[in-house]
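First residue of the sequence shown: 1, per this note's numbering; consecutive thereafter.
Hints may be right or wrong, so weigh each one.
Unchecked claim - Computed spacing ranges between beta-carbons, pair by pair:
no., residue 1, residue 2, range
1, Asp259, Gly188, 38 to 44 Å
2, Gly223, Glu250, 23 to 29 Å
3, Met94, Arg248, 18 to 24 Å
4, Ala170, Asp191, 34 to 40 Å
5, Thr208, Lys104, 47 to 53 Å
6, Thr213, Asp96, 33 to 39 Å
7, Lys224, Gln249, 20 to 26 Å
8, Ser153, Glu250, 43 to 49 Å
Stated by the list, open to error - Simulated pairs of lysine-lysine, DSS-like, Cα-Cα distance not exceeding 27 Å:
no., residue 1, residue 2
9, Lys88, Lys224
10, Lys224, Lys193
11, Lys166, Lys193
12, Lys224, Lys166
13, Lys104, Lys88
To be clear, the hints were calculated from the coordinates, so they are not data collected in a lab. Beta carbons are placed, not taken as given, at the ideal position from N, Cα and C, and that holds for glycine.
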Amino acid sequence: MVFCSTRHPNTQAEYSIFRSTHHSQHGSCSEPLEARPHHPSWRHSAQQASRNSPFPMSFSKSSPSDEQVSETEILDVAPIDLIHGMSKHFIDSMPDGFMPPELKAQALDMEFHWVSETDGPCRLTSSISMNPTDTFETCPPLDVVLMGAHHPSYTPSAAELAYIRKAYDASSAFLTICGGLMAPLQAGVLDGKTVTAPRFMLGRLRETNPSSTWLEKRWVRDGKLWTSGALLNGADMVSAFVREHWGRQEGSLAWTMADIGAWPNRDVDYRDA
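Model the full assembly from the supplied sequences, consistent with the hints where possible.
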């Protein structure tokens, strides 16, 4: 499992988090997400629960010993870069001729954390490993959590499920991409919520989890909970998330970055598929 913001904990579960301390004139994550007028900062997190690996769903062959290891799918967590693209760390490095000072002034102060149960290296697909920045014990409360999938054969531990509930309760926004919704589902976070999942999983999920309302959409928002369909649909969801909270005004930094980067904005009902 992986939370996306800026922390990579090592084994068992990986979360990423980022904290932002700048409130843009075009809106802040705190206000639209959950009305936190006195909150001094934003933190965004992505979680991956894995034993010595970050994301689940790999298409490579695995040995029996690999089946109990969570291996995070790179594409599940990659959309965090859409948010990183508006960070002061990234924007301030651009020359003024490319990024005017008035847009640079809208850049967001963020801290990114990748969080895991322990501090050992985590595995991602394509033979990539990463070191977490925090463990469940050391990670501060997260404002925004992004969680990707774990390997289908992996069973989240009680500690991982407890941390998911803790992170969800403390967050202003909780985003899952592809199979990243499975561990929160097991943790009870999706109970009574309107959500989506990869299309091929929807029929079975409706049968086994009738307490949730399952929609066939690229992404679905229910309050602070955002869920997406498979893989690249996560990029559509994060793009929509950024536009909602920072890019409503034409000419804003978020609007500009979406235009420069040709961020995906496909039909949410798959009518263009």
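CB of Thr208 to CB of Lys104, is that within 47 to 53 Å? holds, 49 Å
With a cut-off of 27 Å on the C-alpha distance, tell me whether Lys166 and Lys193 pass. holds, 17 Å
Looking only at beta-carbon atoms, does the pair Ser153, Glu250 fall within the given range of 43 to 49 Å? holds, 47 Å
Using the beta carbons of Thr213 and Asp96, state whether their distance is inside 33 to 39 Å or not. violated, 48 Å
Taking 34 to 40 Å as the hint, is the beta-carbon distance of Ala170 and Asp191 inside that range? Given a distance of about 18 Å, which is not inside 34 to 40 Å, the answer is violated.
Has the hinted range 20 to 26 Å been met by the Cβ atoms of Lys224 and Gln249? holds, 22 Å
Pairwise beta carbon distance, Gly223 to Glu250, judged against the given window 23 to 29 Å: holds, 27 Å
Is the hinted pair Lys224 and Lys166 satisfied, with a Cα-Cα distance of at most 27 Å? holds, 14 Å
Is the Cα-Cα distance between Lys88 and Lys224 27 Å or less? holds, 25 Å
State, for the Cβ atoms of Asp259 and Gly188, whether the hinted interval 38 to 44 Å holds or is violated. holds, 40 Å
CA of Lys104 to CA of Lys88, is that 27 Å or under? holds, 8 Å
Has the hinted range 18 to 24 Å been met by the Cβ atoms of Met94 and Arg248? holds, 23 Å
In this structure, the hints that do not hold are numbers 4 and 6, in rising order.
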